[in-house]
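Participant: Please build the complete structure, drawing on both the sequences and the hints.
Protein chains: 2
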Amino acid sequence: MSSSEIDRLIQLLSKLPGLGPRSARRAALHLIKRRESLLTPLADAMHEAAVAIKTCSVCGNLDTKDPCAICADPRRDQALICVIEEVGDLWALERTGSFKGLYHVLGGTLSALEGIGPDDLNVAGLINRARRPEVTEVILAMNATVEGQTTAHYITDRLADCDVTVSRLAHGVPVGGELDYLDDGTLTAALRSRRPF
Amino acid sequence: MSSSEIDRLIQLLSKLPGLGPRSARRAALHLIKRRESLLTPLADAMHEAAVAIKTCSVCGNLDTKDPCAICADPRRDQALICVIEEVGDLWALERTGSFKGLYHVLGGTLSALEGIGPDDLNVAGLINRARRPEVTEVILAMNATVEGQTTAHYITDRLADCDVTVSRLAHGVPVGGELDYLDDGTLTAALRSRRPF
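Chains A and B supply the protein sequences, listed in that same order. All letters in the first sequence, in the order written, are residues 1 to 197 by UniProt numbering. All letters in the second sequence, in the order written, are residues 1 to 197 by UniProt numbering.
The set of hints was computed from the structure by calculation and includes no laboratory data. Note that the coordinates shown come from a computational prediction; the quantities given were computed from them, not determined experimentally.
Copies of the same chain look alike in the list, so a pair counts if it fits in one copy or across any two.
Simulated pairs of lysine to any residue, SDA-like, Cα-Cα distance not exceeding 20 Å:
| no. | residue 1 | residue 2 |
| --- | --- | --- |
| 1 | Lys15 | His30 |
| 2 | Lys54 | Ser37 |
| 3 | Lys65 | Ser4 |
| 4 | Lys33 | Thr64 |
| 5 | Lys33 | Glu85 |
| 6 | Lys15 | Arg26 |
| 7 | Lys33 | Asp120 |
| 8 | Lys100 | Ser3 |
| 9 | Lys65 | Arg35 |
| 10 | Lys54 | Ala72 |
| 11 | Lys15 | His47 |
| 12 | Lys33 | Ile53 |
| 13 | Lys65 | Arg76 |
| 14 | Lys54 | Ser4 |
| 15 | Lys100 | Val58 |
| 16 | Lys100 | Gln78 |
| 17 | Lys54 | Asp120 |
| 18 | Lys15 | Ile32 |
| 19 | Lys100 | Asp89 |
| 20 | Lys33 | Gln11 |
| 21 | Lys65 | Thr55 |
Facilitator: Quick look at the structure:
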């Protein structure tokens with residue numbers, strides 16, 4: 001139907017999350033029409049990212065430096081480690097600007113169905129970091145899914161003989177949320193964890 | 001929040017149709033995690049497309065050759081020219097495999113609101129092609145929108161002194177469509193254009 005260059009571009013674009021075959025065709029046309037302003041700059045940005053981005057050997061974050069900018073920043077609180085599933089969760093927490101400690105990216109969750117065990121996640125690295133004398137608290141910030149919470153329980157067990165407090169994110173009513181639209185589990189959790197006004 | 005390389009990649013990805021800031025972040029992470037299998041091949045495919053893809057000087061199609069593979073194919077019916085708004089429409093018609101003539105890409109529609117006049121579209125090229133003795137029919141396959149149909153009327157007027165039949169796509173019930181869900185305009189058109197069973 002069209003040249004093999006366009007077909008290959010469409011085929012690769014359709015592998016991006018959120019783009020199906022139809023939207024990949026639209027994206028390819030959009031790119032080819034904007035050769036100077038978008039296609040070439042995006043190709044360059046991808047090449048640069050492919051060359052420059054590394055995984056931080058300390059925390060698993062993605063950055064051009066290893067250790068990453070967060071691990072290397074002496075102003076971050078070295079006593080706090082926040083454990084998250086993926087780098088996207090780290091970005092979400094950083095956008096809030098309300099956490100000044102360090103991170104640890106697990107790289108997923110335990111999943112019997114998908115055959116992901118403890119050795120497939122960066123758990124050993126976390127235990128090693130938690131043993132350091134300056135670390136006092138490990139915050140488990142896994143997703144509030146069955147897999148996330150299973151993983152959180154497993155890590156709590158593994159951290160039992162480290163001298164750290166283990167905490168987790170609060171469950172409750174999302175800011176801006178309406179009670180009538182919340183599920184029973186969230187509402188029950190919010191009621192149980194009620195605080196003085 | 002993350003390195004400037006990642007930020008730039010996210011910022012450029014968010015300019016693709018169908019990707020907002022959140023899905024652009026997801027796409028960037030997806031790409032960086034699949035460096036060998038997706039990120040580098042996609043960057044290469046984009047560079048190749050940026051260098052190789054040209055606009056066909058005859059019909060406005062996108063291809064690595066000029067004239068494009070369709071215009072250069074002697075087996076295509078040189079008597080038929082199908083006029084479409086965009087290259088995506090040409091791809092859609094080619095996927096059906098039911099048209100064996102040539103195409104002419106207008107590059108948009110007339111739009112008083114957006115200030116797009118006849119000189120911004122490839123109308124002059126169409127008139128020149130329609131004057132050729134071998135051309136007998138021009139099929140107007142613009143979208144069934146107000147802008148598309150306005151453009152179709154304008155082109156019909158401009159083709160008045162060319163020796164060609166001007167036709168348009170049929171309106172009617174889409175294949176697989178249910179009458180109860182169709183708009184009145186489509187149903188009226190389908191009734192008016194009814195055919196012997």
